[in-house]
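Engineer: Read off the chains here:
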Amino acid sequence: QQQVKQSPQSLIVQKGGISIINCAYENTAFDYFPWYQQFPGKGPALLIAIRPDVSEKKEGRFTISFNKSAKQFSLHIMDSQPGDSATYFCAARENQVYFGTGTSLTVIP
Amino acid sequence: DAGITQSPRHKVTETGTPVTLRCHQTENHRYMYWYRQDPGHGLRLIHYSYGVKDTDKGEVSDGYSVSRSKTEDFLLTLESATSSQTSVYFCATRRDSGNTIYFGEGSWLTVV
Chain V
999 QQQVKQSPQS LIVQKGGISI INCAYENTAF DYFPWYQQFP GKGPALLIAI RPDVSEKKEG
1059 RFTISFNKSA KQFSLHIMDS QPGDSATYFC AARENQVYFG TGTSLTVIP
Chain Y
2 DAGITQSPRH KVTETGTPVT LRCHQTENHR YMYWYRQDPG HGLRLIHYSY GVKDTDKGEV
62 SDGYSVSRSK TEDFLLTLES ATSSQTSVYF CATRRDSGNT IYFGEGSWLT VV
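Protein chains in written order, with the working numbering: chain V, 999 to 1107; chain Y, 2 to 113.
Each hint should be verified, as a subset may be incorrect.
[As the list claims (entries may be wrong)] Across the chosen pairs, the derived CB separations fall in these ranges:
1. V:Gln1000 <-> Y:Pro9: 26 to 32 angstroms
2. V:Gly1014 <-> Y:Ser70: 50 to 56 angstroms
3. Y:Thr72 <-> V:Lys1013: 40 to 46 angstroms
4. Y:Gly52 <-> V:Pro1107: 31 to 37 angstroms
5. V:Lys1013 <-> Y:Ser68: 44 to 50 angstroms
6. Y:Lys12 <-> V:Glu1054: 39 to 45 angstroms
7. V:Phe1037 <-> Y:Gly64: 28 to 34 angstroms
8. V:Ala1043 <-> Y:Thr78: 24 to 30 angstroms
9. V:Pro1080 <-> Y:Lys54: 32 to 38 angstroms
10. V:Ile1018 <-> Y:Ser84: 20 to 26 angstroms
11. Y:Asp39 <-> V:Asp1077: 16 to 22 angstroms
[Unchecked claim] Calculated Cβ distances over 10 angstroms to all of chain V for the following chain Y residues:
12. Glu15
13. Thr21
14. Arg45
15. Glu60
16. Gly64
17. Thr78
18. Ser81
19. Asn100
20. Val112
Treat the hints as calculated values from the structure; they're not laboratory data. All residues carry an ideal CB built from backbone N, CA and C; glycine is no exception.
With the hints as constraints, model all of the structure from the sequences given.
Structural biologist: Encoded structure:
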């Protein structure tokens, strides 16, 4: 059973556009929600993370929006660049970290 | 970069043979993890360790065993490899009291 549901599976965005990836969960005991970025042939690396007592966190062009009542959170990439092309994983932690199924983002020049 | 080295990086093995993947870290992180990555499933936890000789099962532990005899090394063993264990395996670490999980670069395993 997938603890964290992620969509879409793949996403194509024009350079300069906004990329949005969505995740949902059911377990209200999750206390930490990170996003990881993975380039081909590499391991995932932490991109940005949020705790459930905060509704939004922004780091540069990357923003997490968190809706505790809806049990949903999303990653917004503003002014998307070709270098952002990668696979993105949302995750949630309760002791263990559970990952979503990943979104393959392609940014077209 | 948490100084994680995985070996081998690529391996092809036959069904029924035992396989051991090695993870070595240089940052003295307390926690170590083995994940597998498969299309449509994302990253799934196989086993993890919270100290030397202290290990526990993850979501998909059947057919796998682990050992941690030193802080820096965490071994994953497939006792009798099956085609369903063809995957990319990632070792990861986390320091005590930290939130960030650091991943190695992966080991590609093909079971034929």
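Engineer: Now tell me if each hint is right for this structure.
Structural biologist: Hint check results:
1. V:Gln1000 <-> Y:Pro9: 26 to 32 angstroms: holds (30 angstroms)
2. V:Gly1014 <-> Y:Ser70: 50 to 56 angstroms: For Gly1014 (chain V) and Ser70 (chain Y) the Cβ distance comes to about 52 angstroms; the hint holds.
3. Y:Thr72 <-> V:Lys1013: 40 to 46 angstroms: Because 45 angstroms falls inside the window, the suggested range holds.
4. Y:Gly52 <-> V:Pro1107: 31 to 37 angstroms: For Pro1107 (chain V) against Gly52 (chain Y), whose Cβ atoms are near 48 angstroms apart, the range 31 to 37 angstroms is violated.
5. V:Lys1013 <-> Y:Ser68: 44 to 50 angstroms: holds (48 angstroms)
6. Y:Lys12 <-> V:Glu1054: 39 to 45 angstroms: holds (44 angstroms)
7. V:Phe1037 <-> Y:Gly64: 28 to 34 angstroms: Holds, at about 29 angstroms.
8. V:Ala1043 <-> Y:Thr78: 24 to 30 angstroms: Once the Cβ atoms are compared, 27 angstroms apart, the range 24 to 30 angstroms for Thr78 (chain Y) and Ala1043 (chain V) holds.
9. V:Pro1080 <-> Y:Lys54: 32 to 38 angstroms: Since the Cβ atoms of Pro1080 (chain V) and Lys54 (chain Y) sit about 47 angstroms apart, the hinted range of 32 to 38 angstroms is violated.
10. V:Ile1018 <-> Y:Ser84: 20 to 26 angstroms: For Ser84 (chain Y) against Ile1018 (chain V), whose Cβ atoms are near 37 angstroms apart, the range 20 to 26 angstroms is violated.
11. Y:Asp39 <-> V:Asp1077: 16 to 22 angstroms: violated (32 angstroms)
12. Glu15: holds (25 angstroms)
13. Thr21: About 19 angstroms separates Thr21 (chain Y) from the closest Cβ of chain V, which puts it past 10 angstroms; holds.
14. Arg45: violated (7 angstroms)
15. Glu60: violated (8 angstroms)
16. Gly64: holds (19 angstroms)
17. Thr78: Non-interface label stands for Thr78 (chain Y): nearest chain V Cβ at 21 angstroms, farther than 10 angstroms.
18. Ser81: holds (26 angstroms)
19. Asn100: For Asn100 (chain Y), whose nearest Cβ neighbour in chain V is about 6 angstroms away, the distance does not exceed 10 angstroms, so it is violated.
20. Val112: holds (20 angstroms)
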